[in-house]
Amino acid sequence: MNPFQYSKPDSVQDAVHLAGPASRFIAGGTNLLDLMKENVTRPEHLIDITGLPLREVTETADGGLLIGALVSNADLAWHPLIEQRYPLLSQAILAGASPQLRNMASTGGNLLQRTRCYYFYDASVPCNKREPGSGCPAREGLNRIHAILGASAQCVATHPSDMCVALAALEAVVHVQGRDGARTIEFADFHRLPGETPDRDNQLDDDELITAVELPAAGFANHSHYLKVRDRASFAFALVSVAAALDMNGPVIGRARLVLGGVAHKPWRDQGVEEWLVGKVPSRETFSAAADALLQDAKPLEHNAFKVKLAQRAIVRALGDAAQGGQTR
Amino acid sequence: MSATTPEAAQPTFARHPLRLTLNGQDRQLEVLPWTTLLDLLREQLDLIGAKKGCDHGQCGACTVLLNGKRVNACLTLAVMCDGSELTTIEGLASGDELHPMQHAFIKHDAFQCGYCTPGQICSAVGLVNEDRAHTTDEIRELMSGNLCRCGAYSNIRDAIEEALPACRQPGQGGGR
Numbered sequence: 092m093n094p095f096q097y098s099k100p101d102s103v104q105d106a107v108h109l110a111g112p113a114s115r116f117i118a119g120g121t122n123l124l125d126l127m128k129e130n131v132t133r134p135e136h137l138i139d140i141t142g143l144p145l146r147e148v149t150e151t152a153d154g155g156l157l158i159g160a161l162v163s164n165a166d167l168a169w170h171p172l173i174e175q176r177y178p179l180l181s182q183a184i185l186a187g188a189s190p191q192l193r194n195m196a197s198t199g200g201n202l203l204q205r206t207r208c209y210y211f212y213d214a215s216v217p218c219n220k221r222e223p224g225s226g227c228p229a230r231e232g233l234n235r236i237h238a239i240l241g242a243s244a245q246c247v248a249t250h251p252s253d254m255c256v257a258l259a260a261l262e263a264v265v266h267v268q269g270r271d272g273a274r275t276i277e278f279a280d281f282h283r284l285p286g287e288t289p290d291r292d293n294q295l296d297d298d299e300l301i302t303a304v305e306l307p308a309a310g311f312a313n314h315s316h317y318l319k320v321r322d323r324a325s326f327a328f329a330l331v332s333v334a335a336a337l338d339m340n341g342p343v344i345g346r347a348r349l350v351l352g353g354v355a356h357k358p359w360r361d362q363g364v365e366e367w368l369v370g371k372v373p374s375r376e377t378f379s380a381a382a383d384a385l386l387q388d389a390k391p392l393e394h395n396a397f398k399v400k401l402a403q404r405a406i407v408r409a410l411g412d413a414a415q416g417g418q419t420r
Numbered sequence: 149m150s151a152t153t154p155e156a157a158q159p160t161f162a163r164h165p166l167r168l169t170l171n172g173q174d175r176q177l178e179v180l181p182w183t184t185l186l187d188l189l190r191e192q193l194d195l196i197g198a199k200k201g202c203d204h205g206q207c208g209a210c211t212v213l214l215n216g217k218r219v220n221a222c223l224t225l226a227v228m229c230d231g232s233e234l235t236t237i238e239g240l241a242s243g244d245e246l247h248p249m250q251h252a253f254i255k256h257d258a259f260q261c262g263y264c265t266p267g268q269i270c271s272a273v274g275l276v277n278e279d280r281a282h283t284t285d286e287i288r289e290l291m292s293g294n295l296c297r298c299g300a301y302s303n304i305r306d307a308i309e310e311a312l313p314a315c316r317q318p319g320q321g322g323g324r
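From first to last, the protein sequence lines are chains A and B. The first sequence runs 92 to 420 under my numbering. The second sequence runs 149 to 324 under my numbering.
Next up, chain A with everything else stripped away, as it sits in the complex (with noise of 0.2 angstroms):
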């Protein structure tokens, strides 16, 4: 790790003031500090937040709740509120990591993590989004862990996170506080593809900190599923990872959010198919139809072809057991 300045402000004002192109925000720290020993990320400042008062879950007045930035991903996990509300999120939070980064792990930097594509992680290749114009071995190396859907010339990396999977599926929105005020940015919008650009993960600049996220009142508690795919049974990144959600209007689907983990450089959703399927009778035919729709650009690289029909089987499944419930893990 390369040595750094530290600082641990007390007010949001203080930390977004404190902020530059050279410094992070630091909280549970799980990602960055592996990122430092790795020698990938060389902050010359790390500016501890935890101090901050963003700990807090709090319901909003039109029924959602907002949740404070420091709001740790296992206490957000066992959250009675959200357990009750927004199981989907719940189950999403519990499928990632282990019990000891998600106590550690806070909201707003699972936003925040970083792929673990291994050329990403390896300073001593070349690698876009580390180091611009360097090149991409993943995309004619060991790409079996790589995106199918939205990847560029540049970048096939995939985003990491489960959490950000139901988030997106529930339309969260995310608050951000920088130098020059404060704004919102809508869930879908927070993440970026890689285009020319895969340096850059999402769309927040350098003084700008994560102080909260909102999630709407629909929480689709009565027909939602997480199901993730992995190399092994816990404790592994998603291969393909689906969050479903379904309101039913009596026998048909009055409303449906369908999002893909794993397979992309941000939580892949596709609102076409989820408005094709409104108005459906849940059935094998119809989640396999939604299934093929997603997944008909897909564009798989050497080794990860098994990513295209593992996720459309993946999605029959979560839609199956978010029609039927969503209880069965």
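What the hints contain is simulated information worked out from the structure, not anything from laboratory work. It is possible that some hints are incorrect.
Partial list, computed: chain B residues near chain A (C-beta under 7 angstroms) [unchecked claim]:
1. W182
2. N220
3. L290
Even for Gly, the Cβ is constructed at its ideal location relative to N, Cα and C.
Starting from the structure of chain A, add chain B where the hints point.
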């Protein structure tokens, strides 16, 4: 020294004060910002129970209890623990009286080489404090952050399963 010497040109990095309640004792320390909690314990305080297995939060051998919650000491900056209560494997027993979880690990032979054991036991006590593991499968899932290369998993699971009721008694949680 004149201001033009190379030494003076280097940025200076302040040591930061660190107050800890470490295994029940108040400690006043000073640390550099990049010292991890694990390196502080092992290199400066001679508490070598917590192990440096992977140093990346993947193996759990460094697990300690920070304010009663299990965390990976290798991914924790010591400076960020100011004012905290920290329990390591060295602090679980009461004098010569082992913690019930330590008893259970011995009874069930829940180790071979023993390298992962301090982390396993601290993690298991953290699991007790969380009170979320009520079935064998839940114990297995909620111990997934601790690897054992000897493969003593079945005995580890048995030890935790047996120790859970005793550990739930008031005052036996440990590490609070």
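Evaluated hints:
no.	hint	verdict
1	W182	5 angstroms, holds
2	N220	5 angstroms, holds
3	L290	5 angstroms, holds
Consistency note: the structure conflicts with none of the earlier hints.
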